[in-house]
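Protein chains: 2
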Amino acid sequence: MLTLFHHSFCPHSRFVRLALGEYGLEVNLVEERVWERREAFLALNPAGATPVLIGEDQLAVPGAAIIAEYLDETCGAGLGERRLLPATVRERIEVRRLMAWFNEKFFEEASNPLVTERIYKRFINEEDGGGAPAAEVIRAAKANVRYHLAYIGWLAQRRNFLAGDRLSYADLAAAAHLSAIDYLGDVPWIEDDAAKAWYARVKSRPSFRPLLSEWLAGVPASPTYIDLDF
Amino acid sequence: MLTLFHHSFCPHSRFVRLALGEYGLEVNLVEERVWERREAFLALNPAGATPVLIGEDQLAVPGAAIIAEYLDETCGAGLGERRLLPATVRERIEVRRLMAWFNEKFFEEASNPLVTERIYKRFINEEDGGGAPAAEVIRAAKANVRYHLAYIGWLAQRRNFLAGDRLSYADLAAAAHLSAIDYLGDVPWIEDDAAKAWYARVKSRPSFRPLLSEWLAGVPASPTYIDLDF
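Those protein sequences? They're chains A and B, same order as listed.
Counting in the working numbering, the first sequence runs from 16 upward without gaps.
Counting in the working numbering, the second sequence runs from 16 upward without gaps.
Just so you know, the hints here were simulated from the structure itself, not pulled from any lab data.
A portion of the hints provided could be inaccurate.
Note that the list lumps identical chains together, so a pair holds whenever it fits in one copy or between two copies.
As the list claims (entries may be wrong) - In silico DSSO-like pairs for lysine-lysine, Cα to Cα no more than 30 Å straight-line:
| # | residue 1 | residue 2 |
| --- | --- | --- |
| 1 | LYS120 | LYS157 |
| 2 | LYS211 | LYS157 |
| 3 | LYS136 | LYS157 |
| 4 | LYS136 | LYS120 |
| 5 | LYS120 | LYS211 |
Since the model is a prediction, treat every value here as computed from it, not as a measurement.
Hey, can you work out the whole structure from these sequences and the hints?
Shown next as structure tokens:
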């Protein structure tokens, strides 16, 4: 069976879990607290970041984008028309563009600062940068969420799914990052009906269920988090 | 013919130019000053970043990693054993891991701050964040260059090229970022003989020549920059 080194609030780990769910692949989850910089983990991924998937032959596959390519190359054709990285050149560019948009841009501008301030800093010692959340960082990240949400709504009004007619890695990436911050109550769904309707469809997929049932002790999920008709 | 929207000091643009050179593909270069946020360019790449390759059928391919995948999928097999993203699953993971290491980690920690402070800020208005370089940013980035150089040396001592036996996207990514800051004199080659010897080999490839002959008015290249026996 596959093993995934992950963290429940790492948006990239969530993306990989959604993808594995869509492929119908079972996985052992191992929680990695990357800020502890465990040596055995650094040997798997010198960049020291989650997620790392341990695939066939104990091959360590590091990072959301590389895992997505690996899964497409090893299992993608098996999904046929439901392939998460579709077959044509044009579609592959658009899916990869949006996957990178969320895994890099949304991560940097919104999901990473929010998760770092609100979750990770609880577990990190003060001398290593942990402690109370920085209000100004949270304020800036929440402002960024609004323009990303508008972009998602804009795409969702023009297409059935974010990158085209069918569900793709683009939807899973967007939904993974949104889900992490939706838990924290940081998504103003009321601002964009199209984005909300798109998210409700993705969230109701079976691949999403495991994420919705994991709660962090001491940090209650927002009212919209598990409600499929939020 | 292909068109590349690029900037001479954008390390990701340099990476794509090296790759195109290795594929033997000719390209029209169009300089894009991304800080001007030109509307027609944002339509090509909403992320507003160089490089963007205009491929067959006027397809816009945005970003170094996506262009690398596009070129591999459309021209990779034609290179045979010299394929820049090799054929086996294991090799593809390692090449992609190192390509991301340089295009993301090295970029964020070293090449982007150095190029931004020393080059881009000359062209940006003071009210938009331009002006004099920030000494503390440059100092931090230069410290980061040293540990990246040591990692390159470590890899180069164990392998013929950075990701394995043959030249790959990993070498082109590392060399692209290094070349941008080598122009500025920010690579302490004296600290690592293995890294230096590896770079000298990559730099002597024909694909490198066009980069070495482009100089920026008012910013002389460092003595090591064009010297192949630096």
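Against the structure, the hints:
{"no.": "1", "hint": "LYS120 x LYS157", "result": "both (14 Å within a copy, 25 Å between copies)"}
{"no.": "2", "hint": "LYS211 x LYS157", "result": "within (17 Å within a copy, 45 Å between copies)"}
{"no.": "3", "hint": "LYS136 x LYS157", "result": "both (18 Å within a copy, 28 Å between copies)"}
{"no.": "4", "hint": "LYS136 x LYS120", "result": "both (21 Å within a copy, 22 Å between copies)"}
{"no.": "5", "hint": "LYS120 x LYS211", "result": "within (20 Å within a copy, 33 Å between copies)"}
Hint check: no violations occur; every hint is consistent with the structure.
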